[in-house]
Structures are given as C-alpha cells and as structure tokens.
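> One line per chain: the protein sequences are A and G, in this order. Letter 49 of the first sequence, counting from 1, is numbered 29 in the working numbering, and no numbers are missing. Letter 19 of the second sequence, counting from 1, is numbered 409 in the working numbering, and no numbers are missing.
One thing to keep in mind: the hints can contain errors.
[As the list claims (entries may be wrong)] Computed list of lysine to aspartate or glutamate pairs in EDC-like fashion (alpha-carbon distance at most 20 Å, straight line):
{"#": "1", "chain 1": "A", "residue 1": "Lys74", "chain 2": "G", "residue 2": "Glu434"}
{"#": "2", "chain 1": "G", "residue 1": "Lys468", "chain 2": "G", "residue 2": "Asp453"}
{"#": "3", "chain 1": "A", "residue 1": "Lys74", "chain 2": "G", "residue 2": "Asp447"}
Note that these hints are calculated values from the structure, not bench results. Every value quoted in this text rests on a predicted model; they were computed, and no experiment measured them.
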Amino acid sequence: GDSVTQMEGPVTLSEEAFLTINCTYTATGYPSLFWYVQYPGEGLQLLLKATKADDKGSNKGFEATYRKETTSFHLEKGSVQVSDSAVYFCALSKTGAQKLVFGQGTRLTINP
Amino acid sequence: GAGVSQTPSNKVTEKGKYVELRCDPISGHTALYWYRQSLGQGPEFLIYFQGTGAADDSGLPNDRFFAVRPEGSVSTLKIQRTERGDSAVYLCASSLTGTSYEQFFGPGTRLTVL
C-alpha cells in the first residue's frame, strides 16, 4: 500500500542553521504531496503542498520540491528560527482518494 | 472564523465501556475526516464523509468503530467495548469539498482507556 517515510527525529539545530527533513514516498500513480506542521499545543496545519512532479511548494521560508524520479519531497529552510520548533509531518494523497497518508513525524527543536 | 472543534478534549474511560467523540467542522465544509494518532506516530486515516454519507470507511480497524454525520455537519465517532489499544488522539478534519487539497484539523480528543 501507499506509505511515507520521514527521517527519524528528534532534530536539534541552532538558530539560523540550514534545515533539511527528508521524506520519501511509495505510491502508485501520481500522488499529491504535503508537509503539515504541529506547533506545541496546536492542531495540525498545512505548511505547503505540491500536486505534480517538479512542482515546488513554499511557505514561511520553507520549500519542498516534488521529485518523482527519487520519490522524494524533502523539506528545507535556509535559516531556522526558534519559532520553527514543532513536529513536521510529510503526507500524500492519491487522486480520487481524499484521505491523507502520513509519515511518522519529525520533531524539530531550534535552540537560540 | 471558527475552526474545527472537537469535544471532549480529553476522555478517560474503562475497558469495555462505550464512548462518543464529537467533531464540529468548519461551517460550509462538505468533507469531513477522522484520523487516529498514536503516541510518536503520524495520524492514520479512519473514515471520510462527503455530506451525510461515508464515502470511504476503509480505515476503521474493526466493527467496534462506527461514525455518523446525520445532517452533513457535526460528526460523532463511536467506539464500543473499548480496549486499551484504542488509547490515542482522535483527530477530525474538514475541507471545503472532497476534492479540496487542504484539510483543516481540529485539536483532537485524547482518549485513554484504563
């Protein structure tokens, strides 16, 4: 079945460091890909999305590019802030199937 | 505007008891989803409603789990004969239509079965 694999956490970085959180997927067809974020004490929020190969999603300084050849959707940010501390989830959905399939999440902590 | 709300925020029950978890979606959203999130894991899909009907219930783990959405708005997830393994955070999400890409999530109900 369809699945998403994320790099294991937790990840701890210093402020202004470069961030990469790896995400790879297994799915038939051409899924849409998402990154959701869960800040402490809050619900899941959509961070960015890409709906077809080579699309780049971006928001709040975060970027991810849909790479069909490597079945990947890695999350990057050039300079992280303390406020980026959260749990990040990579997810996919298939055309015609509205459910989201999530990875296990990566907890990110940014130290000042 | 108001987001997705879920009640109760926490529910503690004993093994074998029946529980109901409620979800109020964003007004006007026709699609509603239930997910279950165990500790340290990502959310797992349970069921998807389009309007009043369950369009996809393939994620319900067994027949102890049932969900309804009788008027196409509020939904209730019902769990019979609860087991300790049912302990998790139950998340509800809604989207404007079934083909909308963004699902808006509620804060979840933390269920603990003793």
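> Give a verdict on every hint.
Tested hints:
1. With a C-alpha separation of about 15 Å, the suggested pairing of Lys74/A with Glu434/G holds against the 20 Å cut-off.
2. Pair hint Lys468/G plus Asp453/G holds up; C-alpha atoms about 10 Å apart against a cutoff of 20 Å.
3. Proximity of Lys74/A to Asp447/G is assessed by CA-CA distance (about 16 Å); at most 20 Å being required, the pair is judged to hold.
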